[in-house]
Structures are given as C-alpha cells and as structure tokens.
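Novice: Sequence:
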Amino acid sequence: MRRLAPLAALAAAATLVLAGCASGGAPASSGGSEDHGEISVQYSWIKNEEFAGEFYAYEKGYYEDAGFSDVVGISGPDTGVAKLLSGTVQVALSDAASVGAAVAEQDAPLKIIGATFQKNPFTILSLADGANIQTPQDLVGKKIGVQDSNASVFAALLNANDIDPADVEVVPVDFNPTPVMNGEVDGFMAYLTNEALTVELAGYDVTNLAYAENGVPYVAETFTVTDQYLAENKELLKDFLTAEIKGWTHVFQEPVEDTVSLVEKYYNQAAEESEDGLESVFGALDPEKTTKGIEAQNLLISTDETEANGLFTISDDLQQQTVDSLAAAGWDVSVEDLFDTTIIDEIYADDAELKDYLP
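For the sequence shown, the working numbering assigns the number 236 to the initial residue and increments by one for each residue that follows.
A couple of the hints might just be wrong.
Said to hold, decoys possible - Taking lysine-lysine pairs in the PhoX-like style, the calculated list, with each CA pair at most 25 Å apart, reads:
1. Lys524 / Lys500
2. Lys590 / Lys469
3. Lys295 / Lys473
4. Lys500 / Lys527
5. Lys473 / Lys318
6. Lys469 / Lys318
7. Lys295 / Lys590
8. Lys473 / Lys590
9. Lys295 / Lys500
10. Lys469 / Lys295
11. Lys295 / Lys527
Keep in mind that the hints were calculated from the coordinates and are not lab data.
My request is simple: use the sequences and hints to build the entire structure.
Specialist: Dropping the structure here:
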C-alpha cells in the first residue's frame with residue numbers, strides 16, 4: 236500500500252541544504268571496522284513483513300557489528316524523497332517511480348544504490364468470476380479503480396500496451412479493495428503482496444495482471460540516498476548494506492513461522508510507541524496474511540539474477556527496463572541519473588559468500 240506520494244512538497248524540500256550527513260544462517264562476513272554512529276532510515280510502509288530483513292538485522296546484531304550505535308527505522312507511508320533532500324533521514328526504502336519522478340521533474344540529486352524488490356509489485360486485481368482481467372487488452376471497456384497518486388503508473392501500463400486511455404474508465408478509489416469485491420469496479424490497482432492477498436483471504440478467487448510481466452518492470456523497495464551522502468559516506472553505506480544482506484538472508488533461511496513472529500514483535504512495538512501511527516490504527520497483524528505476504532514478496536525479491544549476483548543487485552538490463560518504464564509514465568531519466576550500484580557490486584566482489592542467501 237505504499238504508493239507514489241504527491242510531489243507538491245518536493246520543490247521546497249529540494250532547496251534545503253543536503254545532509255552530509257553473527258549468528259543464524261547468514262554469512263559471517265567481517266565489516267564495521269568504523270564507528271558510524273546513528274543513522275535514520277525511512278520505511279516506505281508500516282513495520283510489517285516488508286521489512287523482515289531489517290528486523291533480522293536488529294535481532295542478530297548485524298547493524299551493531301557494522302559499526303552503528305543505532306539504526307532508526309521510521310514507519311511510513313512515505314517515499315522518503317523530501318526527507319532525504321532535507322537531511323531528515325540518510326537512507327530511504329523507496330521505489331523507482333517515486334525517485335525517478337523526483338529526478339525527472341525536480342532534478343533531485345538522488346541515487347538508487349540497491350533494490351530489495353526486483354519486480355514491480357503493482358497489479359490490476361480482478362475477480363476470477365467477474366471481469367477476470369488476464370491480459371492488458373482485457374482492460375479495454377472496463378472500469379478500473381485507480382488511486383490518484385497512482386494515475387501516472389496506470390497510464391504507463393496503458394502506454395506500454397498501446398491502449399488508448401479513452402478506452403478505459405478510471406474510477407478514483409482509495410487503497411481499500413472493497414470496490415472490486417462489491418463489483419463497483421472491474422479491476423483495482425493493488426499490490427501483489429497486500430490488497431491482492433486481502434481479497435483472496437476474504438474468500439474470493441482473484442486474477443492478477445502483474446505490471447512486471449506486462450510491460451512495466453521496475454525495481455521497488457529501493458535503497459536511496461542523496462548524491463552528496465553517497466559521495467561522503469561510501470564505507471558507511473557499504474557496511475549498512477552488508478548488514479542488510481545478512482538480515483534478508485535470514486528471511487530466506489529461517490522457518491517462515493519464525494519470521495512471522497519476528498514481524499509481529501516489531502509491528503507491535505511500533506503500535507505501542509505511536510498512538511497515531513498506522514500500526515496502531517490497523518490493529519493486530521493477521522498471521523495468515525503475514526505468512527502469505529512473506530511468500531509473495533520473496534518471489535519479487537529472489538530472481539535468477541539475484542541468485543547469480545546477490546540480493547539488492549540491479550542488473551544493467553533491469554536498470555534500463557526501469558528507466559524505460561518510467562519514460563512510459565512520462566518521466567524521462569537516464570540510467571546514470573537514477574542508479575549507482577558501485578557499492579553493492581563492491582560488497583560482492585569483496586565477499587562472494589554473501590551471494591548465498593538461499594538455504
């Protein structure tokens with residue numbers, strides 16, 4: 236449910252001064268020889284399974300081993316773009332569309348240095364016994380529920396498949412998938428790891444038209460920093476990403492029920508610490524949905540390329556596919572403007588054993 240946030244505040248934020256500012260199954264690579272102190276990391280969404288790797292990094296002491304006195308994880312929803320530019324946070328777990336839009340529209344000095352999700356998690360969700368939207372051409376003549384903040388990305392799906400926007404009726408919705416369950420819309424713009432599971436667990440047979448497989452592939456849950464922070468803190472970021480790799484390795488190697496329990500722990504802590512945070516608003520996590528969410532997102536994280544190159548790596552082809560997808564949405568940005576994978580590549584060059592995240 237983390238979605239592209241409106242960029243209204245971005246221009247003002249861009250004028251601010253940029254900040255200059257081993258146990259378990261994971262590989263026991265050394266690191267953290269420096270004292271990095273505290274850093275803040277903006278999460279794109281609430282503290283649920285989407286950040287299970289970060290929770291393992293806390294639990295297993297990988298951040299501490301890497302030289303951090305504290306890594307402050309801040310609940311979303313938030314793309315982190317404005318906070319990066321203002322120096323409020325040092326790292327943001329964002330997405331290529333949010334970052335790419337900021338770079339293209341505001342010339343924001345940001346770089347994606349790694350990506351957890353190798354596949355675009357967006358989907359057009361429909362009911363199997365309803366509209367049953369299986370191909371892009373099935374969108375023609377249909378009512379599709381699209382959140383205002385996602386209009387450009389939906390337009391990219393139409394553009395990538397040569398569909399005239401006039402042939403599809405867009406119905407404004409929020410992030411609650413009830414309209415598709417009630418038949419108010421034929422399809423609903425959703426996340427494969429969230430609303431699609433909500434509808435399925437409500438007892439409906441669902442059909443997903445995944446963006447990643449239909450002309451709009453791009454990376455998400457991206458590790459994003461400012462150009463200045465990257466230039467001035469390469470060793471810090473190298474140690475940080477190494478801790479992250481170790482944490483996410485546990486997500487693939489530990490029993491899923493253990494990961495669900497860990498997610499519940501951090502989710503509940505967040506709910507207790509913030510009365511107005513969404514964790515407290517949403518109430519208790521559903522273990523069944525959390526389990527399915529972990530299984531679904533692992534399919535977005537682990538690909539043939541990550542098996543060969545390691546977690547968070549972004550191949551040259553995927554970088555190009557990402558900027559091509561953004562261009563289809565109207566955001567023209569080059570690979571060089573958006574990505575810098577030097578650090579993640581160096582990590583695996585120094586320690587190839589870190590690539591072995593699968594059990």
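Novice: Run every hint past the structure and note whether it holds.
Specialist: So, going through the hints one by one against the coordinates:
no. : hint            : result
1   : Lys524 / Lys500 : holds, 16 Å
2   : Lys590 / Lys469 : holds, 20 Å
3   : Lys295 / Lys473 : holds, 18 Å
4   : Lys500 / Lys527 : holds, 18 Å
5   : Lys473 / Lys318 : holds, 21 Å
6   : Lys469 / Lys318 : holds, 20 Å
7   : Lys295 / Lys590 : holds, 18 Å
8   : Lys473 / Lys590 : holds, 15 Å
9   : Lys295 / Lys500 : holds, 14 Å
10  : Lys469 / Lys295 : holds, 23 Å
11  : Lys295 / Lys527 : holds, 24 Å
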